[in-house]
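Peer 1: Sequence:
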Amino acid sequence: MEHMANMGRHLIRSHKCRLYPNRAQEAALPDMLGHFRDLCNAGLQQRIEAWNRRGVCLGYTDQANELKAVRDAVP
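Numbering-wise, my numbering puts 46 at position 46 of the sequence shown, and it's gapless, one number per residue.
Each hint should be verified, as a subset may be incorrect.
Claimed, not checked - Cross-link-like lysine to any residue pairs, in silico, SDA-like; alpha carbons within 25 Å at most:
#1 68 x 55
#2 16 x 43
#3 68 x 34
#4 68 x 37
Said to hold, decoys possible - Okay, the calculated beta carbon distance ranges per label pair:
#5 26 x 53: 15 to 25 Å
#6 41 x 69: 16 to 26 Å
#7 14 x 73: 30 to 40 Å
#8 25 x 53: 36 to 46 Å
#9 62 x 12: 19 to 29 Å
#10 15 x 41: 36 to 46 Å
#11 58 x 36: 15 to 25 Å
#12 70 x 28: 32 to 42 Å
For the record, the hints were derived by calculation from the structure and aren't laboratory data. Yeah, the Cβ is synthetic: ideal placement off N, Cα and C, and Gly gets one too.
Go ahead and model the full structure; you've got the sequences and the hints to work with.
Peer 2: Structure follows, in structure tokens:
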């Protein structure tokens, strides 16, 4: 199911899906979601700082390219 709400100029999209994890996956899920939350918050903080310090608007592509470079550097 997909839900979309128009918030002024921004489009907010959410997706819902049902998971049926096995026991090992269920045990790993909280840690994985925590890492995902931390990554999202770090990306948001990076965008805020880029705007406040330099007046630069970072987009998805800018951050995705930087993340790829970090992943390539860290095995």
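Peer 1: Holds or violated: residue 68 and residue 55, Cα atoms, limit 25 Å.
Peer 2: holds (24 Å)
Peer 1: Is it true that residue 15 and residue 41 lie within 36 to 46 Å of each other by Cβ?
Peer 2: This hint is violated: roughly 20 Å between Cβ atoms.
Peer 1: Using the beta carbons of residue 41 and residue 69, state whether their distance is inside 16 to 26 Å or not.
Peer 2: Given a distance of about 20 Å, which is inside 16 to 26 Å, the answer is holds.
Peer 1: Confirm or reject the claim that residue 26 and residue 53 have a C-beta distance inside 15 to 25 Å.
Peer 2: Hint violated: Cβ distance 41 Å, outside 15 to 25 Å.
Peer 1: Mind checking the hinted window 32 to 42 Å against the Cβ distance between residue 70 and residue 28?
Peer 2: violated (22 Å)
Peer 1: Could you say whether the range 30 to 40 Å given as a hint is met by the Cβ separation of residue 14 and residue 73?
Peer 2: holds (33 Å)
Peer 1: Check the following: the C-beta atoms of residue 62 and residue 12 are separated by a distance inside 19 to 29 Å.
Peer 2: For residue 62 and residue 12 the Cβ distance comes to about 21 Å; the hint holds.
Peer 1: A range of 36 to 46 Å was offered for this pair. Does it hold for the Cβ distance of residue 25 and residue 53?
Peer 2: Holds, at about 40 Å.
Peer 1: Taken at face value, is the distance from the CA of residue 43 to the CA of residue 16 at most 25 Å?
Peer 2: The hint holds at about 22 Å.
Peer 1: Starting from the hint 15 to 25 Å, judge whether the C-beta atoms of residue 58 and residue 36 obey it.
Peer 2: Check passed, 19 Å falls within 15 to 25 Å.
Peer 1: Are the Cα positions of residue 68 and residue 34 separated by 25 Å at most?
Peer 2: This hinted pair holds, its Cα atoms lying about 20 Å apart.
Peer 1: Quickly compare the C-alpha distance for residue 68 and residue 37 to 25 Å and report which way the hint goes.
Peer 2: Status holds; Cα separation ~18 Å.
Of the numbered hints given earlier, the model fails hints 5, 10, 12; all others are met.
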